[in-house]
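Got chain A; can you put chain B on it based on the hints?
2 protein chains.
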Amino acid sequence: MNKVLKAILPKGFKANGIFCGLKKSGKEDLALLYSEFPALGSARFTTNSIIAAPLVVSKMHLRSAKKFQAVVVNSGNANCFTGKLGIKDALSTTEFVAAQLGVPVKSVLVNSTGIIGKRLNIAKIKQGVPKLVSGLSASGIHRAVKAIMTTDTFAKEITLSLKIGGKLVNICGIAKGAGMIAPDMATMLCFIMTDAAINQKTLDRVLGGAVDKSFNCISVDGCMSTNDTVLILANGAAGNKLIISGDDLREFIKALETVCLELAKMVILDAEGATKFIQIDVVQAKNYLEAKKVALNIANSVLFKTAVFGENPNFGRVAAAVGATGLKINENQLKIKLGSLKGKQVKLQVGLSRGKSRCTVFTSDLSPEYIKINAEYN
Amino acid sequence: MNKVLKAILPKGFKANGIFCGLKKSGKEDLALLYSEFPALGSARFTTNSIIAAPLVVSKMHLRSAKKFQAVVVNSGNANCFTGKLGIKDALSTTEFVAAQLGVPVKSVLVNSTGIIGKRLNIAKIKQGVPKLVSGLSASGIHRAVKAIMTTDTFAKEITLSLKIGGKLVNICGIAKGAGMIAPDMATMLCFIMTDAAINQKTLDRVLGGAVDKSFNCISVDGCMSTNDTVLILANGAAGNKLIISGDDLREFIKALETVCLELAKMVILDAEGATKFIQIDVVQAKNYLEAKKVALNIANSVLFKTAVFGENPNFGRVAAAVGATGLKINENQLKIKLGSLKGKQVKLQVGLSRGKSRCTVFTSDLSPEYIKINAEYN
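Chains as they are written, first to last, in the numbering used here: chain A, 1 to 378; chain B, 1 to 378.
Next comes chain A alone, as it looks inside the complex:
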């Protein structure tokens, strides 16, 4: 398996990113990912019951169509909490793109990231789409990555290549920002493109598994976004024998998990105000879910995160966070190992003496800078 921390589009994919007028900064704010061949699509969305308009439209398209050719994404506005007009705007966006590409409307998926509760400037998007489509190219992925960023300080991209039945298969993933990461900004987005040939059922299953072990194992502030999306398109252009089981499937799962985990870690590395990258390993749990619950509760403890920021090895706050899950555990069973807090990387291991399961979760510390950013400090 070959891995590079750079986006290289798999066979049959093109991309582009332009400035259409949504961001005040004048930076790229409209991205398009395009597959020349109709591709299978699978996605995991936020479980927040207030969901953004583009997710409503994308879910509708994912239910009613079997193949997809494009994903259009704007930054600068999350198009969330915008009512029926918001849904109309999201749908219009897919219509503009579909018309320009000459593909069915339902084959176009849509996403947004940025401020919540303000209406999208749909005229600017309409105006931008012809340029967006005409500029599509294999190298356009670099502009697309920029166009989905809000306050991210670096682009999050990765490409993996692996051999499946003698054929070269590529998986390219791009992602943006951790949780609700800046003044009024929302959303963690991840788009993965692969030329692998795979069936729908398997694709759904392996994406779910990879997301659970990666994006569902990170937390910046415990705040669930209304736009979170992980979307994969698989267009089969690699020409491999359909991935169904055995070594092929195992290899593909391993590669997809790597893509998701690496991108998830980049999201944490770029968490706003963060000075530390914290790995929390909960071991000796009765089962995986118990380990994950404990790990996430520590990761979301404001006091633990603040202690790490202060390089203050506070075991009591870890113990309190474990106990707050309601897990029946006494303090003699609890083994807490906290590595040095001096560097950028911090490791915490918590042993529960209850079984053999484990889970690893990644988080960042909580700094005054986080507050300043999110309070719209001057």
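Hints were generated in silico from the structure; no laboratory data involved.
Treat the hints with care, since some could be wrong.
A pair holds if it fits inside one copy or across any two, identical chains being indistinguishable in the list.
[Unchecked claim] No more than 30 angstroms apart at the CA atoms, straight line, and that leaves these computed lysine-lysine pairs for DSS-like:
id, residue 1, residue 2
1, K342, K201
2, K67, K213
3, K167, K347
4, K67, K342
5, K67, K6
6, K337, K276
7, K118, K337
8, K328, K59
Below, chain B without anything else, positioned relative to chain A:
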């Protein structure tokens, strides 16, 4: 009903507070509340499964004895995560006090607040007890309030008087600090003394109800402490007819709820780093528990609290916090009214369009000062 924001001991109670050597500051760190008459006792403790040693001992005494005469409390050390030695120390503390007072060991309850994970200096406590007991007086409650404080900036005290069956009944409550409120410090403690005559079953029930509507409706940082305690002693010295039902019970409940709610609000007013006192009213819920879940989820949203600190009216963050509870609600049903953010007092009302139940929760904003305090900043 007469209310003063000052501690005035009910009939038959005495108190004292001294410096015994636990606090580096040299301020009062050992408190004693004493009832001349054996009193009924009832308590609500933290639901954290890691609980502090004095709570283990107090729970044991509450189970095995029927009447109580003293509560001894130290600040400067939480005696939590301290193993069997911690339990031995807590028990020794009750033994010293019992011997000096000439009362049964099981009639003495014990509590601690301060740093987690360090052994208590039991020698200092032993040395301090004779002075603590000999100085007991009706006016000593003011020293006792000081002795349970850690980084609280003001004493939290209240006294209510009411007539029950023609007799004057008094309820006096004192409390300390919000959640885990300072560097390595833990614990919200509340002690209530009343001279009311009431039976055990009724006392347990009314305390539970009052706590649910007050202390269980506040949050500073969503971090559950290992020492949280609300304890009431009722010694019957008022000579009223036993409170069992009817108007007497209703009046007593109302008074006890007022004591708990006022003290809970003071805890929020004194939350570390706080610049705002936020009242969150969730209305039109299907039931009380649903309203409370939504209100607490908003109160614990780091992003909402940060927005309030920044005086930034961010409705999207409120909507996201509501949706994150998993409540099946669409955005058209959700009515968010956020008052002015300019003053110290902020009011948020959230309507769910689902029913007629409501819940009010109190919280504070999240400021860089909170981080500084809890990171042990210099």
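>> At most 30 angstroms between alpha carbons: which applies to K67 and K213, within, between, both or neither?
In response: within (26 angstroms within a copy, 53 angstroms between copies)
>> Please sort K337 with K276 into within, between, both or neither, judging by C-alpha distance up to 30 angstroms.
In response: within (17 angstroms within a copy, 37 angstroms between copies)
> 30 angstroms Cα cut-off: does K67 pair with K342 within a copy, between copies, both or neither?
Replying inline: neither (50 angstroms within a copy, 52 angstroms between copies)
> Under a CA distance limit of 30 angstroms, which applies to K167 and K347: within one copy, between copies, both, or neither?
Replying inline: Neither way: K167 and K347 sit 39 angstroms apart in one copy and 62 angstroms across, limit 30 angstroms.
> Taking 30 angstroms as the upper bound on the Cα-Cα distance, should K328 and K59 be classified as within, between, both, or neither?
Replying inline: Answer is between: at 17 angstroms across copies they meet the 30 angstroms cutoff, but 40 angstroms inside does not.
>> Checking an output row: K67 and K6, CA cutoff 30 angstroms. Within, between, both or neither?
In response: within (27 angstroms within a copy, 71 angstroms between copies)
> For K342 vs K201, is the C-alpha pair at or below 30 angstroms within one copy, between two copies, both, or neither?
Replying inline: Neither: 46 angstroms inside a copy, 53 angstroms across copies.
> For K118 vs K337, is the C-alpha pair at or below 30 angstroms within one copy, between two copies, both, or neither?
Replying inline: Classified as between: cross-chain Cα gap 17 angstroms, same-chain 46 angstroms, threshold 30 angstroms.
The structure is inconsistent with the numbered hints 1, 3, 4, although it conforms to all the rest.
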